[in-house]
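Trainee: The whole structure should be built from the sequences, with the hints applied where relevant.
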Amino acid sequence: MIRFANVYKAYPNGALALKDVTFHVSKGEFVFLTGHSGAGKSTIMKLLFAEQRPSQGDVKVSGYSVPALRANEIPRLRRRLGVVFQDFRLLEDRSAAENVAFALEVTGARSDTIPARVMRVLTQVGLAAKSRAYPRELSGGEQQRVAIARALVNDPAILLADEPTGNLDERATRGVFQLLREINAGGTVVVMATHDLDLVRQTQYRTLELRDGQVVYDSLEDQAR
Amino acid sequence: MKLVTREALLAFRRAPLLSALSITTIAFSLFTVGLFGLVALNLRSALRDIEERVEIVAFLLHGTPSETVTLASQDIAAFPEVAAVSYVTEDQALERARRELVEFKDAYRDLAVNPLPASLEVRLRPGNRDARHVAAVAERLRGFAFVDDVRYGREWIERLDHLRNVFGVVGLVIGLAFAAVAIVIIGVTIRLTILQRSREISIMRLVGATDWFIRGPFLLEGMLKGALGGLLSIGLCWIGYTLFRSSVPAFAGIVFFGPQHLLLLLLFGTLLGLGGSLLSVGRHLREVGGRAERRAARRQQLGR
Numbered sequence: 001m002i003r004f005a006n007v008y009k010a011y012p013n014g015a016l017a018l019k020d021v022t023f024h025v026s027k028g029e030f031v032f033l034t035g036h037s038g039a040g041k042s043t044i045m046k047l048l049f050a051e052q053r054p055s056q057g058d059v060k061v062s063g064y065s066v067p068a069l070r071a072n073e074i075p076r077l078r079r080r081l082g083v084v085f086q087d088f089r090l091l092e093d094r095s096a097a098e099n100v101a102f103a104l105e106v107t108g109a110r111s112d113t114i115p116a117r118v119m120r121v122l123t124q125v126g127l128a129a130k131s132r133a134y135p136r137e138l139s140g141g142e143q144q145r146v147a148i149a150r151a152l153v154n155d156p157a158i159l160l161a162d163e164p165t166g167n168l169d170e171r172a173t174r175g176v177f178q179l180l181r182e183i184n185a186g187g188t189v190v191v192m193a194t195h196d197l198d199l200v201r202q203t204q205y206r207t208l209e210l211r212d213g214q215v216v217y218d219s220l221e222d223q224a225r
Numbered sequence: 001m002k003l004v005t006r007e008a009l010l011a012f013r014r015a016p017l018l019s020a021l022s023i024t025t026i027a028f029s030l031f032t033v034g035l036f037g038l039v040a041l042n043l044r045s046a047l048r049d050i051e052e053r054v055e056i057v058a059f060l061l062h063g064t065p066s067e068t069v070t071l072a073s074q075d076i077a078a079f080p081e082v083a084a085v086s087y088v089t090e091d092q093a094l095e096r097a098r099r100e101l102v103e104f105k106d107a108y109r110d111l112a113v114n115p116l117p118a119s120l121e122v123r124l125r126p127g128n129r130d131a132r133h134v135a136a137v138a139e140r141l142r143g144f145a146f147v148d149d150v151r152y153g154r155e156w157i158e159r160l161d162h163l164r165n166v167f168g169v170v171g172l173v174i175g176l177a178f179a180a181v182a183i184v185i186i187g188v189t190i191r192l193t194i195l196q197r198s199r200e201i202s203i204m205r206l207v208g209a210t211d212w213f214i215r216g217p218f219l220l221e222g223m224l225k226g227a228l229g230g231l232l233s234i235g236l237c238w239i240g241y242t243l244f245r246s247s248v249p250a251f252a253g254i255v256f257f258g259p260q261h262l263l264l265l266l267l268f269g270t271l272l273g274l275g276g277s278l279l280s281v282g283r284h285l286r287e288v289g290g291r292a293e294r295r296a297a298r299r300q301q302l303g304r
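Read top to bottom, the protein sequences are chains S and R.
Read in this note's numbering, the first sequence has 198 at position 198, and its numbers run on one by one without any break.
Read in this note's numbering, the second sequence has 234 at position 234, and its numbers run on one by one without any break.
Below, a list of computed lysine to any residue pairs in the SDA-like style, where the Cα atoms sit at most 25 Å apart: (1) 2/R - 107/S; (2) 2/R - 91/S; (3) 27/S - 201/S; (4) 2/R - 119/S; (5) 46/S - 200/R; (6) 2/R - 131/S; (7) 2/R - 112/S; (8) 130/S - 14/R; (9) 46/S - 202/R; (10) 2/R - 12/R; (11) 130/S - 169/S.
Please keep in mind that the hints were generated in silico from the structure rather than gathered at the bench.
Mentor: Written out as structure tokens, the structure reads:
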């Protein structure tokens, strides 16, 4: 599903954000990206949804090669991904349901199918009762659930979560993490960048640790050894 | 399409103040263009009134048979430049002189012989009332055997030519300047709207909206604002026109735009709105999009 091959990414000032990163994620996996801030987690995320392109090397996501993507292919790649951020990125002037529906509308989904699909994912994230609430009326955990619902509504093959629990208290963190695990159990690949090591230790999921733009530990290789 | 319309209309509801501000800005920009247009329009119509008086008079030799003159005047009327020819007989000329030159009334009354020649008065079509065409027609009139002399206000017509050229150039320059200022102001206003909604744009991109899809509502919004601004500017122009006309008696005769001018102003506003948003959205999408990023990456690879 995801393949990084000898990927380098340079900042505009010439410093390297990623150095020779190579890894591979298969169908159905749940992968943690860990490391300090500035280690390169967010850069990997941005390369995955083609917000940035590698300076060197190849990034393949769900059949698309990111360095070779034409401008009109980027939206097509993104429709096969769901992306969730630390800061939720909801539209403040739309209700939870409208935020989720927005993702369907802009991709040209048939309008008569939209309400049912929106309710289905809102139910999945446990927010069916608050579909009419606006982001400011929701707690942080609930807002992140809306963001996850929006990411899921297009049935993505891969869900990218960049510090999804970074702004949440412990209880909300557990809830959101549990939700991501359920989503993964349904067959969706989940890549989650986090520096919350407690969360990582709770489970047996694969962990990629980054330091100064390099992969310094991959639990999968560790097991294989 | 329904979605594009809905999003465009929502933009007005979400940011009523900013929308009102852009519409007003567009309206005032177009108002200056419109006022200038009104001045130009009235100058042109005044000029046309003066042009109406451009006339060539061919004095005929004494004793030319009227049948000959009638035939010739049909020929002259067929000249491409000529709008109308009228034949003034010797008697009519005397009649007119008695009526119009009151000071010499007595002198004309006791004449035994009419000293005034008959004449052909030639009016030219609009567009041919300049020195070059007038001279050409006068030259051809001189070619008729029965024509004694041809008169037209040569200097006066040349001055009219000059005036027309100056008006044309000055009008074009000032008009373009006003239009350019209007375009810049409108572009900035629309850019403001887009910056205000950059978050929304980034989310649209994130969930896989194509650039054209993102542009749609903004373009429609820009067009609507342009059209509304155009409508408002027409209202402002009309108010200005009415006030000016009623307060300055000397200008009571000035004219307002005709329907086609109004339509043009409205169309101009709409196009400005469309063009302004096309430019602003395009720039914004380029800035936040992959293109700048890709260029930077390429530079790095080249540098290495």
